[in-house]
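Here the structure of chain Z is known, so what remains is to put chain V in place on it, guided by the hints.
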Amino acid sequence: MNRRQNWLVVMAIVLITALPLWLVPKPGDTPNGQPGEVFGGADGKAQQVISEIAPDYRPWFKPILEPASSEIASLLFALQAAIGAGLMGYWLGVSVTRDKMRKQADRDESGTSGAD
Amino acid sequence: MHIMEGFLPVEHAVGWTLASAPFVVWSVRAVRQRLYEHPEQRMLLGVAAAFSLVLSALKLPSVTGSCSHPTGIGLGALLFGPAAMVLVGLVVLVFQALLLAHGGLTTLGANVFSMAVVGSFVAAGVFRASRALRLSLAISVFLAACLGDLATYVTTSIQLAWAFPDPVGGFTASLAKFAGIFAITQIPLAITEGLLTVLVVNALMRFNAEEMRHLPLFLRRGARA
Chain Z
17 MNRRQNWLVV
27 MAIVLITALP
37 LWLVPKPGDT
47 PNGQPGEVFG
57 GADGKAQQVI
67 SEIAPDYRPW
77 FKPILEPASS
87 EIASLLFALQ
97 AAIGAGLMGY
107 WLGVSVTRDK
117 MRKQADRDES
127 GTSGAD
Chain V
-7 MHIMEGFLPV
3 EHAVGWTLAS
13 APFVVWSVRA
23 VRQRLYEHPE
33 QRMLLGVAAA
43 FSLVLSALKL
53 PSVTGSCSHP
63 TGIGLGALLF
73 GPAAMVLVGL
83 VVLVFQALLL
93 AHGGLTTLGA
103 NVFSMAVVGS
113 FVAAGVFRAS
123 RALRLSLAIS
133 VFLAACLGDL
143 ATYVTTSIQL
153 AWAFPDPVGG
163 FTASLAKFAG
173 IFAITQIPLA
183 ITEGLLTVLV
193 VNALMRFNAE
203 EMRHLPLFLR
213 RGARA
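Here the protein sequences line up with chains Z and V, keeping their order.
Residue numbers for the first sequence follow the numbering used here, so the first one is 17 and each next one is one higher.
Residue numbers for the second sequence follow the numbering used here, so the first one is -7 and each next one is one higher.
Everything labelled a hint here was simulated from the structure, so no lab data went into it.
Note that the structure is a prediction, hence the values are computed from the model and not measured.
Treat the hints loosely; a few may be bogus.
[What the hints assert, rightly or not] Beta-carbon label-pair distances, calculated as ranges:
1) V:E202 to Z:V54: 18 to 28 Å
2) Z:W76 to V:A201: 44 to 54 Å
3) Z:G57 to V:H206: 34 to 44 Å
4) V:G162 to Z:T113: 55 to 65 Å
5) Z:F77 to V:H206: 38 to 48 Å
6) Z:A84 to V:L10: 29 to 39 Å
A virtual CB, placed ideally from N, CA and C, is assigned to each residue, including glycine.
So here's chain Z without its partners, still in its complex pose (with noise of 0.2 Å):
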């Protein structure tokens, strides 16, 4: 029952995840020729609109340091999920063999008081 319960999880979320794809139309060309663009950060669309509030204000601190280029963020992106998952792969990892061991030992001992 659990294991069922878990593929339909998995399944739903891919289906969510991969569903806007192709739900969003496609939008039309720029009126200078470009394609337009869809799917960008919401994290950007916020700053348009607060430019749109307030035209007349300016960010009075710049970030530190800042990515050269998209693909250096896209690297550090994958890097923070590349520990992100690995830590929890450890887990998994330790988890599922300490669960399969303590299993082994439980049966190994029943054995030996049945075979006495």
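Chain V alone, transformed into the frame defined by chain Z:
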């Protein structure tokens, strides 16, 4: 939910920093004491932090046509209560602010408040309420992580609307605009975060049942769920 560097007026930046600071101090003390009393929980705390690192690095597409990311705070808030997750959220946000120019130091206070303070308190509160209503463990975990994530993005919208009220419609009109970007985009992502959290809790209940029994929110009913 990251308010970009320099994009909050000085008095708001200072205000949110002052609002978050006591929670950070409280969290540092709470984590230190918990690990002193229960050193065996170090691994679970690491899992909670790792989950938040992974999820906040994943920018997922949403039906609104823009991308945003879950926060992963809910899991830890369920396991350890909000006290531990304020510190974890701070670490994740500092990493992103310093290395990725995502968020920022001047907006750190506001971002800690929305993600780590509001997010984890809402998640823990919803979980407690759902368990009190005798909802199943999976449903309670889902609701807690999902609503905690959503609450973070609503908070960000409120923070921005407060700092930048619309010249015509004021705070309300501005809130509608920012919520349109953050909160609506976040709905499917919050559902994803809720589902992912259920998966991890399922694994925890199976493999770490012994440790789970000592966690505050799982104390009463966790054992027989």
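Please write out, lowest number first, the hints stated earlier that are contradicted by the structure.
-> Hint 1 alone not satisfied by this model.
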